[in-house]
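K.L.:
Assemble the whole structure, with the sequences as input and the hints as a guide.
Per the numbering used here, residue 50 is the first one in the sequence shown, and the count goes up by one each step.
For the record, the hints were derived by calculation from the structure and aren't laboratory data. Hints may contain errors.
Said to hold, decoys possible - Simulated crosslink set (PhoX-like; lysine-lysine; CA at most 20 Å straight-line):
1) Lys183 / Lys369
2) Lys211 / Lys369
3) Lys231 / Lys289
4) Lys211 / Lys183
5) Lys119 / Lys86
6) Lys85 / Lys119
7) Lys231 / Lys304
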Amino acid sequence: MTDDALENRLFDRAGVKQGMRRRPEPNWADIAVELKKPSVTLQILWDEYRAVHPGGYGYSRFCELFRSFKHRLSPTMRQEHVAGDKVFVDYSGKKIAIVDPRIGEVRGATSEWIGGHLVDEGFPVVCLESRHVKAALSAMTLKTDRNDAQGIAQIVRTGWFKPVYLKSAAGQRLRTLTAACKAAVRALTGNEQVIRGLLRPLGLKIGAVTRVRFEVRIRQLIGLDPGLLAIFEPLLQLHKSLRETLADLHRLVLKVVRAEPICRRLMTMPGVGPVTALTYRATIDDPTRFRRSRSVGAYLGLTPRRYQSGEVDRVGRITKVGDGETRTALFEAANVILPPTTRWSSMKAWAMKIADRQGVRRAKVALARRMAVTLHRMWIDEQDFRWTAA
Numbered sequence: 050m051t052d053d054a055l056e057n058r059l060f061d062r063a064g065v066k067q068g069m070r071r072r073p074e075p076n077w078a079d080i081a082v083e084l085k086k087p088s089v090t091l092q093i094l095w096d097e098y099r100a101v102h103p104g105g106y107g108y109s110r111f112c113e114l115f116r117s118f119k120h121r122l123s124p125t126m127r128q129e130h131v132a133g134d135k136v137f138v139d140y141s142g143k144k145i146a147i148v149d150p151r152i153g154e155v156r157g158a159t160s161e162w163i164g165g166h167l168v169d170e171g172f173p174v175v176c177l178e179s180r181h182v183k184a185a186l187s188a189m190t191l192k193t194d195r196n197d198a199q200g201i202a203q204i205v206r207t208g209w210f211k212p213v214y215l216k217s218a219a220g221q222r223l224r225t226l227t228a229a230c231k232a233a234v235r236a237l238t239g240n241e242q243v244i245r246g247l248l249r250p251l252g253l254k255i256g257a258v259t260r261v262r263f264e265v266r267i268r269q270l271i272g273l274d275p276g277l278l279a280i281f282e283p284l285l286q287l288h289k290s291l292r293e294t295l296a297d298l299h300r301l302v303l304k305v306v307r308a309e310p311i312c313r314r315l316m317t318m319p320g321v322g323p324v325t326a327l328t329y330r331a332t333i334d335d336p337t338r339f340r341r342s343r344s345v346g347a348y349l350g351l352t353p354r355r356y357q358s359g360e361v362d363r364v365g366r367i368t369k370v371g372d373g374e375t376r377t378a379l380f381e382a383a384n385v386i387l388p389p390t391t392r393w394s395s396m397k398a399w400a401m402k403i404a405d406r407q408g409v410r411r412a413k414v415a416l417a418r419r420m421a422v423t424l425h426r427m428w429i430d431e432q433d434f435r436w437t438a439a
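P.N.:
Below, the structure is given as structure tokens:
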């Protein structure tokens, strides 16, 4: 027999050896590479294959042949190592069980509340300074909640942060009371300014008058004008209600201060009243968290700014970081001490020397900073204010 006749007898189809498939096959290596791309499936690759070969395999046979191809792949691969180019680390096994249990929380309005509950649940909580977190995350191109959470976790892991003190529950309640008093004062002042502004275009000027006499003065200016009475009567009722609310809150402040021996001790300093003492008490909360008393001035933002780079060295105004209400209260207390009518003390003599050299405004800021430091020292040493230098 000839070779062709023998081949026809041995094989069903001429030109196809035993073990070879009769239908056109794709390049399975290319299929495996394409399948690793996102959104690519075997169904899509099979559709492309049938578009080129209409008489090719069906989808089920196509998938079966691809799985058998993957089973034949070698589990090893050859890598060429160039000296000094890369470092290859091979590790086989379970992941190392190293977990950082700390939780990072950016300082905000609810930081104390959230942090307190997490501590009660047994989690070590770290409250981060918002300015530091903003500076650390500013290098990230995309700002998303997921990226922010990952960045905060990295900050906590590396330790590149300054923890913020979480106030106690008692300190939070005192802070709420002082904030309510200041809000009532702002609302009452805003109401008086609105009334003054509405009367000025009518040629009616209230002038200097106390809050108790404010309503009486308005009624004297309005007289019996029914139109003006209808306009200003609701505003006067609001003024009376706000004044009574402020009086109730102030009585509550006095009641709390009487029960707080720390506030009574702080009030022995000249210029420090119940509101200032309670504000300072709520802000500091725990005096032992400061290693040195002079750190309190920087904590309240009463120290000068400084920018130094190479030959540039500039000293500016105060930083104004920290609690603004406490800083304002101390500045107002300094205003009370400096006038000539107040009692003389070593602290006042020190501030008057600064006023002679650098002006009254800088002297008030310096005196407010020294008052913050002295109040902390009085709190730590449990001693009242000494009017004369030791």
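K.L.:
Taking the numbered hints from earlier one at a time, note which ones the structure violates and give those numbers from smallest to largest.
P.N.:
none
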